[in-house]
Amino acid sequence: MSIALLVVVGFALVAVGAGVTFMIASAVPQSMLQRAQDHGRFAGLAAEDQNGGSGKRVDAGRPHLGNQAINAI
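First residue of the sequence shown? That's 1 in the UniProt record's numbering, and the numbers climb one at a time after it.
Simulated from the structure, these hints should not be mistaken for lab results. Cβ atoms here follow ideal geometry from the backbone N, Cα and C, with glycine treated the same way. Some hints here could point you the wrong way.
Pair ranges (Cβ atoms, derived) [said to hold, decoys possible]:
#1 Asp38 with Ile3: 43 to 51 Å
#2 Leu5 with Ala27: 28 to 36 Å
#3 Ala27 with Ser2: 34 to 42 Å
#4 Ala15 with Ala36: 25 to 33 Å
#5 Ile70 with Ile3: 51 to 59 Å
#6 Gln34 with Leu6: 38 to 46 Å
#7 Gln37 with Val14: 45 to 53 Å
#8 Met32 with Met1: 41 to 49 Å
#9 Ile70 with Leu13: 48 to 56 Å
#10 Ile70 with Ile24: 42 to 50 Å
#11 Val28 with Ala4: 31 to 39 Å
Whenever a hint applies, use it, and build me the whole structure from the sequences.
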């Protein structure tokens with residue numbers, strides 16, 4: 001195979017991937033898009049979500065900082 005053919009095949013694969021991605025994104029229902037717009041990235045993760053959300057309540061007074069190491073000299 002020549003380099004030119006490899007370049008053309010590469011561009012064709014990228015174009016097919018972009019087209020399939022567009023078709024998948026076009027198939028998403030409008031209600032899901034509206035919910036994503038209203039709630040942002042973490043939609044459905046709230047503990048009080050009626051649709052079976054899997055998130056946990058977090059105490060707003062004390063943020064969860066995870067495991068911490070003490071850095072001392």
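Right, here's what the structure says about each hint:
no.: 1; hint: Asp38 with Ile3: 43 to 51 Å; in the structure: holds (49 Å)
no.: 2; hint: Leu5 with Ala27: 28 to 36 Å; in the structure: holds (33 Å)
no.: 3; hint: Ala27 with Ser2: 34 to 42 Å; in the structure: holds (38 Å)
no.: 4; hint: Ala15 with Ala36: 25 to 33 Å; in the structure: holds (27 Å)
no.: 5; hint: Ile70 with Ile3: 51 to 59 Å; in the structure: holds (57 Å)
no.: 6; hint: Gln34 with Leu6: 38 to 46 Å; in the structure: holds (43 Å)
no.: 7; hint: Gln37 with Val14: 45 to 53 Å; in the structure: violated (29 Å)
no.: 8; hint: Met32 with Met1: 41 to 49 Å; in the structure: holds (43 Å)
no.: 9; hint: Ile70 with Leu13: 48 to 56 Å; in the structure: holds (51 Å)
no.: 10; hint: Ile70 with Ile24: 42 to 50 Å; in the structure: holds (48 Å)
no.: 11; hint: Val28 with Ala4: 31 to 39 Å; in the structure: holds (38 Å)
Violated hint: 7 only; the structure is consistent with all others.
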